[in-house]
Structures are given as structure tokens and as C-alpha cells.
Amino acid sequence: MGHISLNQITKTFGNVQVIPPLDLEIRDGEFIVFVGPSGCGKSTLLRLIAGLEDVTSGEIQIDGRQATEVPPAKRGLAMVFQSYALYPHMSVRKNIAFPLKMAGMEKSEIDKRVEGAARVLNLTDYLDRRPGQLSGGQRQRVAIGRAIVREPAAFLFDEPLSNLDAALRVNMRLEISELHNNLETTMIYVTHDQVEAMTMADRIVVLQAGVIEQVGTPLELYSQPRNIFVAGFIGSPKMNFIEGDAVGHSEAAKIGIRPEHLNLSTSEGEWAGTVNVSEHLGSDTFLHVQTEKLGTLTARADGEFPVRHGDKVFLTPQEDKIHRFGADGLSI
Amino acid sequence: MARNVTKNRKLAMTVLAWAIGILIFFPILWTILTSFKTEAEAIASPPSFLFFDWTLDNYREVQERSNYFRHFSNSVIISLGSTILGLAIAIPAAWSMAFVPGRRTKDVLMWMLSTKMLPPVGVLIPIYLIFRDTGLLDTLTGLTIVLMLINLPIIIWMLFTYFREIPGEILEAARMDGAGLKAEIIHVLTPMAVPGIASTLLLNIILAWNEAFWTLNLTAAKAAPLTAFIASYSSPEGLFYAKLSAASTMAIAPILILGWFSQKQLVRGLTFGAVK
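These protein sequence lines are chains A and B, in that order.
With the working numbering, letter number 114 in the first sequence gets 114, and the count goes up by one each step, no holes.
With the working numbering, letter number 6 in the second sequence gets 338, and the count goes up by one each step, no holes.
Hints may be right or wrong, so weigh each one.
[Stated by the list, open to error] Calculated from the model, a selection of chain B residues having no Cβ within reach of chain A, i.e. all distances over 10 Å:
no.	residue
1	G353
2	F357
3	E373
4	L388
5	E396
6	A420
7	S428
8	F463
9	W489
10	I502
11	H519
12	L588
[To be verified] Part of the chain B face toward chain A, derived, beta carbon under 8 Å:
no.	residue
13	M442
14	L445
15	P499
16	E501
17	E504
18	D509
19	G510
20	A511
21	G512
22	P523
23	A525
24	G591
[To be verified] Calculated pairs, SDA-like style, for lysine to any residue (alpha carbon to alpha carbon, straight line, at most 20 Å):
no.	chain 1	residue 1	chain 2	residue 2
25	A	K293	A	L330
26	A	K94	B	I502
27	A	K101	B	T387
Hints listed in this document are in silico derivations from the structure and should not be mistaken for laboratory results.
Idealized CB from N, CA, C, for every residue including glycine.
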């Protein structure tokens, strides 16, 4: 079980309100990702759920029980920290066993569970080492092992992959997703990386300045962003925004078009421009095009599109993929 | 080629390090050698380095003339006492400043350190008068308190830098893992803090053991530690280098041995925070 509901919770540090009144329902077994730029309050929100910070007002319920005043140790949640936060003076075995020891579990049962977790996470050969003797990826696995042995109601991840190098990050991303498929336990995952959010989440919560901008599945956020912020935050490369005369017939204050929804041609099209930078990845080509009237637009072509800096290209938006925004920034 | 350069460089650095090491150690070595010479050989010119008649007479004579063990036990009481008392005050102080810093924590730390910038002789007269009026002159209690106070800023600073290196996230992880305050202190905090406390303890014992200004000025006979024991050989009846050397050797031997055995811990304590 791991159903968490936040009712009108707020958090104030001194005079600064970092979380204005906020409601959120996190369903049992769901993989939910909090995403947003740094300082948006996503980590604070996670720490409020964990109990590492006290809410200023409002209430938190875990599986229908009041948890607002319950200390972190008693909430039945496990957390994986960005810095791994392993106990440096304990072996891997003792690190993983620590929460079970704290729960007063029998030694034989502890050993069984630790061995089990180590097998799942490929840590069996490292059980007697200290964290200092492990690589970053292995440390992260130990931190995850320490979280799973307890069979918690929910896992909290606080940017767990940001200290890893790019290749390892992709691997660990898959491992965490697999883990979620196997355990079917609620996971709350904080990241500033929208690719992590899109690839892992059942639902994404986009935050800005402590306010929830939108909650939805990755594809909902991609195809129906509620406002300009979400439209610009989700998707890589970023959506192009156009205002002024070109908006004309769309009856909007601003329109947005994703790079993959601009058709590219070297001979004809709606908007003309010259290639400023071209990025050839083999699988995709990203072009940063300097247009005459609309500033710089980014366009994406499938596979190879043979142009270079200074070449002339034409861009044509796919009409049905244009996002329209009102003067208040909301989608129309 | 590059390999050669590094090799030569390494050799040069090694020679240089040994030269500096020997230079620093030479006075101690010379003191120890002189303690085994006769008074005549001790002042002979040119001095003989190793080829002289080795004798233990100086040690015998020093033993007869003064009570080494009383000074020794005074030194032990003062250095251990001041260190333990200092730690008892400094651990909570450094702990709170490292983990719950306030807006003025930095200023408080700097202010504590600033007291070390004052020449001790500047406060000798007031402290002497206070000690006289409160009956603390020439007592172990008085010396313990003074040495504790003069070393307290250093103890707090060392512990502060050490504690600050313990990441707060580890304590939070322990809380998430179900540890209450007691379990957190026993299983996580203490094991991580002990090495830092041990380094501070060792360094402070050495500082207190070697402290000469206050121990000489505030004692006469009863509470005099080994520094006073050495000083008593330095002048009254003319200079007796060999006996002075014997007394010095006896005074520094215990701390030299302690330092030798704990050097790893000491170096770690002194460089903590500087190298990661």
C-alpha cells in the first residue's frame, strides 16, 4: 500500500512561502515524478512527504492515516538521496541491514533479506566492502538496496542520478524503472531532468515556484500542455514560441510549435531562413535556423538532413500540431 | 624523457624532505646525545658527535636532585585534565555550530580565534592577580583551567571543521531508516565523530604538555610540571649542559613516544578539511 494525499499543505521558511497551498493525490503503486527548474520547491515537497521538514499548515495522509505529525522514522517511507548518504563506517551489508536492525528484526531474517536485495542489485560480491571502495553507480545501488529491504509503503528519490555520468545515468534509469515494474510500489521521484521525467513516470507533476503547473501522463503533458511554462519545459529541444504578426490567423497571443513539428525543405515552405548551427546525430538532425521575421527557430528532422551553416532552408509548421496560448499564458 | 624528469624530481624532493626533517630533528638529537656526555665533553670544542665516553651519570644525578615522577605526574594531570575538560565544553559547542549554525556563528568562531592573537604576557598580570586572590597559584586546578582556556579555541575550531564534514544527509538517511535520536547518536553520529575527537584529543595533550609560559609563571613547587623541571636546570649554578639535556630528554620522551605512535591520527586531524 502506498496511497499518499496532500491536502492544502504549505511551507514557509522565515518570510518566504516556498509552497503555497497545494493539493495532490498520489495513487498506490504509481511512479510519479516531480519536475521543475531548480528552486521550484520539488525537493522541499519531497522532504515534506518524508517528514524531514515540517509542513507549515495543511495535512499529509499516508494510506488514509494522518501522517502530518508523524516523525520520518515512523512514516514507513524509504528515501534515496542525491549524495547516496551511505554510512561510511559500515560495510555494504551493514548499510543495507541498518533499517531492518532499527526495526528490531531477527538476525536470520535480516541476512536473508540483505542477500536477496544484493542479488537483485548485483551487489553480492561487494557486501563486505565499505562505501568508500565502491564506484558511484554501486553506491547508488547500495542506497537503493537500503531502501528496498524495508518493503516501504513508498520510495522517495531525490535526484538520485545527478551525480552519475551520462552513460551510467541511462542504465540506472532503466534499472529503477524495472524495479518499479517488479515491486509495484509507489515511487516519488524528484528530478530537474525532463528526459528522466518523460521516460520513467506514470504521471508527471510540473512545478514552478511551489505551484503545480500541471499533473498528467508524459504524453498528456507533451501533447496538451496547460500553459506556456509546461509547453516550454517538456520536450527536448524546447518548443519554439512565436508572437506578433506571424500568429495572425491563429487567434492567439502566442503560438508554439515543437521542433519535430516543423517540416523542413531546401526549396519551398512557409518561413525562410538560414541555418545557423546544424547538429547531425545520425538518428536526428537538429537545425537552429535564423529566420527573417521570427528570430531563431529550432527544427528537428528524422535521420540525416544534409545542410550546413549558411545554407538556406524553409520551415513549414504542421497546422494540427500548433499550440495556441492566450495573453494569460494558458492554452486555448 | 618525461619519466626521467619525474624520477630526478622525485629524488630531489626526497633529499630535500630528508634534509628538512633532519634539520628540524637535529636539536632534539643533539640534546639526547649531550645527555650521555660528561659536562666537559658537552662544552668541548670541536664537539664530538658519536665518539665519546657514553655515560648515564647525568640521569642518575638528575634523579637524585629532583623528583622527576612528581613533575611527570603533574604534567599528566594538567595535560589530560585540561584536554578532557576542554573537550567536554568544545564538543557541544562545535556540534551546535556545525549542525545548527546561526547568522553569527562565523563571527563567534573568529572571535574565539582572535583570543589566540593576543600575546599571553599581555594578560599575565591580571591572571596572576586573580590566581593569587583566589588561591589558585601553584595548584593543579588552576593550571588545568588556564591551559584548558588557552587551548579551547583550537579545540573548538578543530572539532568544528571535523563535524562540518559530516554530511547532514547521512543523519537524515538514518532518520528515514527508522533510527530515533538515541539510535542515531549511537550508530551513526558517534562512529563518525570519534576519529575527529581522537585527533583533537591527541593534539591538545601535546600542546598542553609542551606549554611553558603559563606553567612556569603560575607555579612554584607543588604543581610544577615537566617544563618547570627542565627550567630548574637552566641557570642557577652556571650552565650544566649535560644535566640540562638529560632533564630535557626525560621531559620530552613520553610525549615523543605518544606522538610517534599516534602520528597517523595526528596528521589526519591536522589536515582534515584541507585535503579531500
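Notebook entry, point to check: When the hints from earlier in the document are held up against this structure, which numbers fail?
Noted result: 10, 11, 13, 14, 23, 24, 25 and 27
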